[in-house]
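Q: Each protein sequence line maps, in turn, to chains C and W. In this text, residue positions in the first sequence follow this note's numbering: the first is 1, and each later residue adds one. In this text, residue positions in the second sequence follow this note's numbering: the first is 1, and each later residue adds one.
A few of these clues could be false.
[As the list claims (entries may be wrong)] Simulated pairs of lysine-lysine, DSS-like, Cα-Cα distance not exceeding 27 angstroms:
hint, chain 1, residue 1, chain 2, residue 2
1, W, Lys-14, W, Lys-309
2, W, Lys-128, C, Lys-178
3, W, Lys-151, W, Lys-111
4, C, Lys-14, W, Lys-111
5, C, Lys-285, W, Lys-111
6, C, Lys-178, W, Lys-14
7, C, Lys-216, C, Lys-285
8, C, Lys-189, C, Lys-178
9, C, Lys-173, C, Lys-163
10, C, Lys-189, C, Lys-173
11, C, Lys-178, C, Lys-163
12, W, Lys-67, W, Lys-14
[Stated by the list, open to error] So these bits of chain C aren't anywhere near chain W, every CB distance computed over 10 angstroms:
hint, residue
13, Leu-22
14, Pro-135
15, Asp-179
16, Asp-265
17, Asp-313
18, Phe-324
19, Cys-328
20, Ile-374
21, Asp-399
Simulated from the structure, these hints should not be mistaken for laboratory data. What you are looking at is a predicted structure, and each value in this text was computed from that prediction instead of being measured. We put the CB at the ideal spot given by N, CA and C, even for glycine.
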Amino acid sequence: MFGYYLDLALRSLKRNRVLTALMVLAIAVGIGASMTTLTVMHVLSGDPLPGRSAHLYYPQVDPTPDNSYYGHHKYPLPMMDDRSAVDLWNAHPADRQALVVDSAVKVRSPDSTLPPLMLGMTSTTADFFPMFGVPFEYGGAWTPADDVGRARVAVISSDLNAKLFGGRDSVGKTLRLKDSDVRIVGVLKPWRPTPRFYSVAGGIGANGQGADPYAKPEDVFTPYFSGLEINNGNFQQYTCWGNPPAPGHLENSPCVWVSLWVELDSAAKVAAYRDFIANYAQQQKALGRFQQTDTRMLDLMGWLDAEHVIPSDAQLQMWLAFAFLAICLFNTVGLLLAKFLRRGGEIGVRRALGASHRAVFAQCLTEAGLIGFIGGVGGWLLTLVGLWLVRRQQTPYSDLVHMDTAMFVTTFVLAIAVSLLAGTLPALRASRIAPALQLKTL
Amino acid sequence: MHIRPILVALRKHKLATFLIAMEIALACAVLCNAVFIIANRLSAMHIVTGVDEASLGEIVVTGFDPKEASDLNARMIAGLAAIPGVESVHAISSVPFGPQAGTAGVTLDHKNYGTVIDYYMGDPGTIKALGLQLVAGSMPDTDDYQAIPDKAWLPPSARVLVSRALADQLWPGESPLGKMFWTGPYQYRVIGVVANFMGAGANGGGRAEWSAFVPALPGGTLAGTYLIRANPQDLERVMTEARNAVATIAPHVVLDRENSQSIPVLRSANFATDRAMAGMLIGVIVALLGVTALGIVGLASFWVAQRRKQIGIRRAIGATRGDILRYFQTENFLIVTLGIAIGMLLAFVLNAALMKFYELPHLPLYYLPVGALALWGLGQLAVLGPALRAAAVPPVVATRSV
């Protein structure tokens with residue numbers, strides 16, 4: 001029966017090519033615009049660590065003298081002072097924990113003739129790599145002993161390895177960071193968590209600056225304490241409530257500039273960790289170091305949400321595109337209505353020959369669905385054009401925007417759903433046509 | 001033209017009329033808001049920096065030891081000044097649209113730091129090179145330019161220039177001349193006011209225009225960023241040569257290529273996302289108007305085909321071609337008007353939603369009549385083809401197979 005309806009639908013579509021083209025075009029354009037923006041949102045709002053993210057948490061305490069420093073935030077500032085962060089890290093109550101601080105460092109290699117480079121450096125602790133599932137091409141992470149021992153070691157990105165060493169195994173080679181030599185212990189495989197969740201704070205920070213959450217990970221990773229020594233004088237605060245003792249040197253300063261990530265594998269551990277940071281804040285207040293005892297701990301996705309990492313322009317574009325799709329929908333309803341009712345005579349004959357209301361309804365919907373499918377093909381092509389245009393824009397995420405299988409399927413599901421939705425009302429009207437009246441006028 | 005018969009006819013096609021009206025309503029709401037967003041972005045892009053943008057550029061280098069700041073400054077300033085076409089070179093902390101270099105809260109009472117401003121530092125001659133326009137008070141003297149002490153990021157106490165916008169923010173309705181303000185232990189006295197001076201980080205709103213100029217001598221934290229002034233025609237060539245010259249002037253430092261650009265290039269890069277957004281919105285508007293017009297054409301064509309017989313009868317009993325044409329035009333006008341009426345309401349609902357989530361101001365009222373005119377025009381254009389075909393129906397149709 002479906003085959004027969006499909007045949008009827010094709011014949012009907014061929015009969016009035018202009019009207020068919022109009023409907024297909026409207027659906028294609030609406031789907032193209034919606035799917036382009038939806039794909040961008042899909043890329044931007046994805047889970048950077050599927051499977052792991054639910055166990056990763058971002059603890060926050062409040063070292064500020066009074067809550068006027070929150071600014072836009074209703075909660076503790078999005079980073080910590082180094083002392084609180086290191087205290088919490090040192091206690092090691094979580095399954096894994098890593099300090100994270102980013103800075104720009106001058107990098108040279110004795111094995112390369114390249115001029116010195118200014119690169120991003122993440123100074124962190126050994127758990128960073130297993131906790132975030134960072135893949136290694138050569139070598140591996142440094143050990144917890146290297147953290148404490150302030151070892152002069154580094155892990156480099158696959159990009160930097162390609163630039164300096166032509167992509168060969170560079171483990172054991174030396175890198176000059178500012179004025180210190182470090183030994184490379186690991187080279188990463190290409191790694192691009194989207195967004196770069198572990199350093200998104202600052203997106204709406206006090207100064208409106210901060211790293212873009214969709215930028216690539218930094219090229220150099222060093223142990224936290226080694227990094228502070230090597231690149232002293234080049235650290236940037238998120239914000240301060242007093243002047244740092246010297247520009248770029250933030251240890252024990254009245255500034256927040258360090259993040260801490262913890263992995264907690266069970267609900268009981270999460271509850272215990274919440275108690276742990278609450279106790280820490282109380283204890284620090286008792287010692288007179290803290291004035292506030294507010295704490296907060298969000299999981300990874302909750303943290304991304306709280307920091308509003310998704311650019312508001314992308315959201316705005318998505319809503320506008322869907323408003324546009326709604327217009328296309330109304331348009332298609334009107335045209336389908338015109339098309340079906342025009343065939344009143346034909347439908348009357350079918351009804352008179354014994355077709356039920358349902359059969360006519362099904363036939364009309366089949367036609368609408370077919371239009372949706374053809375519109376979906378057009379919409380898919382237009383989406384590819386749209387994504388190509390997005391990639392040409394200068395945004396940090398332009399290179400990430402590609403259509404995956406899920407979005408490809410969504411394109412057709414959305415197109416057919418929209419056209420069936422558009423077809424329902426006209427098909428109902430068509431199936432209610434009284435056969436006698438139509439036959440009379442034939 | 002009699003409107004009553006049209007209304008009676010429309011009552012027979014309630015659903016189709018409603019659909020087209022809703023399409024127009026949605027189009028009206030989206031159109032008004034999209035145009036409004038575009039207008040907002042474009043006006044943000046016309047921010048006045050207060051400097052001679054077309055003649056200026058900056059070179060930024062990093063990766064040097066703070067101890068060699070003075071030596072580096074001397075070499076860079078001399079080296080860059082030797083490039084043919086360079087009018088002058090100055091040590092400066094940043095330029096408008098350049099990297100943020102001195103953002104800090106300022107206070108009048110040592111408690112409230114609500115006003116966050118951009119501090120600029122520059123050597124003697126910087127003000128002249130920038131082309132700042134003094135509107136009150138006086139420029140700093142030679143004595144006002146002091147060396148920056150070790151471990152400080154600004155001269156701790158100085159006589160400074162502020163932008164008009166900052167003066168109005170800190171001392172509304174008062175003369176700012178001679179007034180003091182503080183950032184922590186740093187204290188500054190206002191000696192002059194400049195008409196406009198935008199902060200380095202253009203973040204839109206009032207804050208972008210809050211800035212102060214602190215006179216300083218090169219050295220300490222005032223190192224690594226250089227203002228180049230050149231003839232506007234030569235500027236891009238001079239900037240290219242300057243970027244290339246850094247490798248010979250100071251081979252051990254790292255050139256920040258992204259920020260070592262002329263101000264026109266920095267300005268353009270700064271608004272890249274706004275331009276992309278405006279482009280995307282224009283695309284949506286064009287597609288939206290196109291789809292709406294096609295919908296009107298489709299439905300009007302259908303109605304014309306459906307009413308061929310009635311049109312023939314009307315022609316046969318004396319209606320002119322013009323009467324038929326005007327019938328369809330009036331019918332379209334009525335439907336579009338209904339759509340616009342609903343659309344104006346929707347436009348305000350949409351605007352309220354956008355204001356809530358995306359910091360957009362109120363939709364000005366004059367957008368509504370303009371949007372209405374555009375949609376009326378669109379409707380009349382779209383219906384013209386089908387209406388002309390209707391007018392061309394010969395009266396003889398009436399005599400066939402009634």
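Q: All hints are to be evaluated individually against the structure, with a verdict given for each.
A: Hint by hint, here is what the structure shows:
1. W:Lys-14 with W:Lys-309: Given that 27 angstroms is the threshold and the Cα spacing comes to 21 angstroms, the pair holds.
2. W:Lys-128 with C:Lys-178: 36 angstroms, violated
3. W:Lys-151 with W:Lys-111: Holds - the C-alpha atoms of Lys-111 (chain W) and Lys-151 (chain W) are around 24 angstroms apart, at most 27 angstroms.
4. C:Lys-14 with W:Lys-111: 77 angstroms, violated
5. C:Lys-285 with W:Lys-111: 22 angstroms, holds
6. C:Lys-178 with W:Lys-14: Between Lys-178 (chain C) and Lys-14 (chain W) the Cα gap is close to 76 angstroms, so the pair fails against 27 angstroms, i.e. violated.
7. C:Lys-216 with C:Lys-285: 38 angstroms, violated
8. C:Lys-189 with C:Lys-178: Holds, at about 25 angstroms.
9. C:Lys-173 with C:Lys-163: Holds, because 14 angstroms separates the two Cα atoms, which is no more than 27 angstroms.
10. C:Lys-189 with C:Lys-173: Holds, at roughly 17 angstroms.
11. C:Lys-178 with C:Lys-163: 18 angstroms, holds
12. W:Lys-67 with W:Lys-14: Violated. Lys-67 (chain W) to Lys-14 (chain W) sits at ~82 angstroms, over the 27 angstroms cutoff.
13. Leu-22: It is violated; Leu-22 (chain C) is separated from chain W by about 5 angstroms at its closest Cβ, not greater than 10 angstroms.
14. Pro-135: Fine: 29 angstroms to the nearest Cβ keeps Pro-135 (chain C) off the interface.
15. Asp-179: Asp-179 (chain C) is in fact no farther than 10 angstroms from some Cβ atom of chain W, at 8 angstroms.
16. Asp-265: 36 angstroms, holds
17. Asp-313: At roughly 5 angstroms from the nearest Cβ of chain W, Asp-313 (chain C) sits no farther out than 10 angstroms, so the non-interface label is violated.
18. Phe-324: Contrary to the label, Phe-324 (chain C) does not stay out of reach of chain W, its closest Cβ about 6 angstroms off (not over 10 angstroms).
19. Cys-328: 6 angstroms, violated
20. Ile-374: 16 angstroms, holds
21. Asp-399: The claim holds: Asp-399 (chain C) sits with its nearest Cβ about 15 angstroms from chain W, beyond 10 angstroms.
Against the hints set out earlier in the document, violations occur for numbers 2, 4, 6, 7, 12, 13, 15, 17, 18 and 19.
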